[in-house]
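J.: Take a look at the letters that make up each chain.
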Amino acid sequence: MEKIVEVKNLELSFHTFAGEVKAIQGVNFEVYKGETLAIVGESGSGKSVTTKSIMRLLPKSSTEYKNGEILFGGKDLLKISEKEMQKVRGKDISMIFQDPMTSLNPTMTIGNQIMEPLLKHQKLSKTDARKKSIELLTLVGMPKPEMRMKQYPHQFSGGQRQRIVIAVALACNPKLLIADEPTTALDVTIQAQILELMKDLQKKIDTSIIFITHDLGVVANVADRVAVMYGGRIVEVGTVDEVFYNPQHPYTWGLLSSMPSLDATEEKLYAIPGTPPDLLDPPKGDAFALRSEYAMKIDMEQVPPLFKVSETHYAATWLLHPDAPQVDPPVAVIERMKRFPGSRYYEGNAGGVR
Amino acid sequence: MAEKLLEIKNLKQYFNVGTKNEVRAVDDVTFDIYKGETLGIVGESGCGKSTTGRTIIRLYDATGGEVIYDGVDVHAKKSKKELKAFNRKMQMIFQDPYASLNPRMKVLDIIAEGLDIHGLVKNSKERTARVHELLETVGLNREHANRYPHEFSGGQRQRLGIARALAVEPEFIIADEPISALDVSIQAQVVNLLKELQEERGLTYLFIAHDLSMVKYISDRIGVMHFGKLVEIGPAETIYTAPLHPYTQSLLSAIPLPDPAYERSRVRKSYDPTTHKYLKDEEVIMREVTPGHLVLCSQREFDAFAK
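The listed protein sequences correspond, in order, to chains A and B.
For the first sequence, my numbering assigns the number 1 to the initial residue and increments by one for each residue that follows.
For the second sequence, my numbering assigns the number 1 to the initial residue and increments by one for each residue that follows.
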């Protein structure tokens, strides 16, 4: 499979008045052609920072790239000039933001906003750009596109605005689309529509998507592969089935068991104790160790490397070290593992439909 | 849970009454809340669920209808003294823990404000002791009393909001999306805290949210709202396993679950209000399909449900 983007050993810090915030501490991942990679994690885990560094959208004054490279189309995006980067942004890589209220310009008609990348990057004539924009609006399911072109963002609802943002992002058929919590501000029914639209369009134009979210339900819906981030590192990465049915990292266990299932009868929800780590002074060793009941002595001292679970599945926890004691994950996670061939709790009744 | 704590009868809350853009935010809503239960209200934004909560606690004056709390009409004219006594019984927890705490007040004063107003403590020593106790109840430390809200994380602030609501020892708490602004791992902490407090103190909750899986988890009964109307109400289990109103069905089919196999087979239903084909003279009201399970429907639909 063709790699679209490859992030290698990315390390970056923000310099703030309070000191150096080590936001990303060695992140590696790649995105293949046509796939959707979901990045999950809590606020402050570094998921948005990682993708903003791909787009080079972080403030220059306070951001320091300490290490690593981001390979896209044979170039290291961290090394190219701002002028070259402008040719990439909105053309080869585009982004959808969380809040459709603020990511559109309130003083421009939406027609002009969709035409902007077409005029800038594809050098279309105004008439052609207008035609293409109307096509795009039809593509994202906007009724009466000709009339809508002349309207301003405040004349649209939240879901419609997100459709417009998607139309802008897809105008130049990007190779990579970064969606940063695109549905968090929307209602469930509208969210479902937008997710369906994104999946549909992905098939049509064969783009790769990095999907950032903290909603595990959305991840299960859209993702081909999942990367779980915690404290500025990727702690687990694998196919969507591997991460949901055979999770290995205690943080992934915690996340999956703190979501109530709809057929749940559990008396008490599992809650991950404590709060996320302070990256001004990141903990030594495994950042999650302080909140984990599975932490061992070594977790407090040494950062675990990514251990291989399968060709596609890796997790950074010392529990996977051959010398580590075997522990039982929380009950809710064992329930999930029972459905995964290859896990030690597998019960054979595959299919997995509840 | 036979005893009714709250009866909401034909509650109406209209905005811009008499003008062109009259909004019927809550339109003829009737339901009861029983002592010691959690009633969840779900619906999309703009369906009137928050307005219902706010009207119940008198943040808005109702356009019509009654809210009867323990036999007394909340919206009837009352003396200041009666109002004060009433306010003590009913408290609210707000959605945004960043906006609902006064940034210029210390935690001690925020939590003690209710105590002061209702004269529940005699001297400052007792006041401090009470606040410390409340902080510990919600899982914070007594040292936190001398800090300002900005020094806390989102989850901790929501705990402060809960402590403030608990200070006057209310019987009934309206929680308006108390967890939507929090991270997943912190949501579970706050929900567990609310549940524990309910068991310890026999509190009654009206839990307003759009996260349906959390609502199912915390609620005994659930009401579904759509465009200012309550379309279905019943035991949580029934609403999830056997929803009758097409809107409830569509809402449930839209929730993504953290289960890839289920997600691959999930089929979303959309709701089209015109499919009801209500006739002009048909009476569309809440009808009880099975005990405790009410659906907004016409007689024709009701007969179809019964089959």
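What the hints contain is simulated information worked out from the structure, not anything from laboratory work.
Check before you lean on any hint, since a few could be wrong.
With a Cα cut of at most 30 Å, we get these calculated DSBU-like pairs of lysine-lysine [to be verified]:
| # | chain 1 | residue 1 | chain 2 | residue 2 |
| --- | --- | --- | --- | --- |
| 1 | B | Lys269 | A | Lys144 |
| 2 | A | Lys268 | A | Lys204 |
| 3 | B | Lys20 | A | Lys150 |
Computed from a predicted model, the values in this text were never measured in an experiment.
J.: If a hint holds in the structure, say so; if it does not, say that too.
T.: Taking the hints in turn, this is what the structure says about them:
no., hint, verdict
1, Lys269/B with Lys144/A, "24 Å, holds"
2, Lys268/A with Lys204/A, "44 Å, violated"
3, Lys20/B with Lys150/A, "26 Å, holds"
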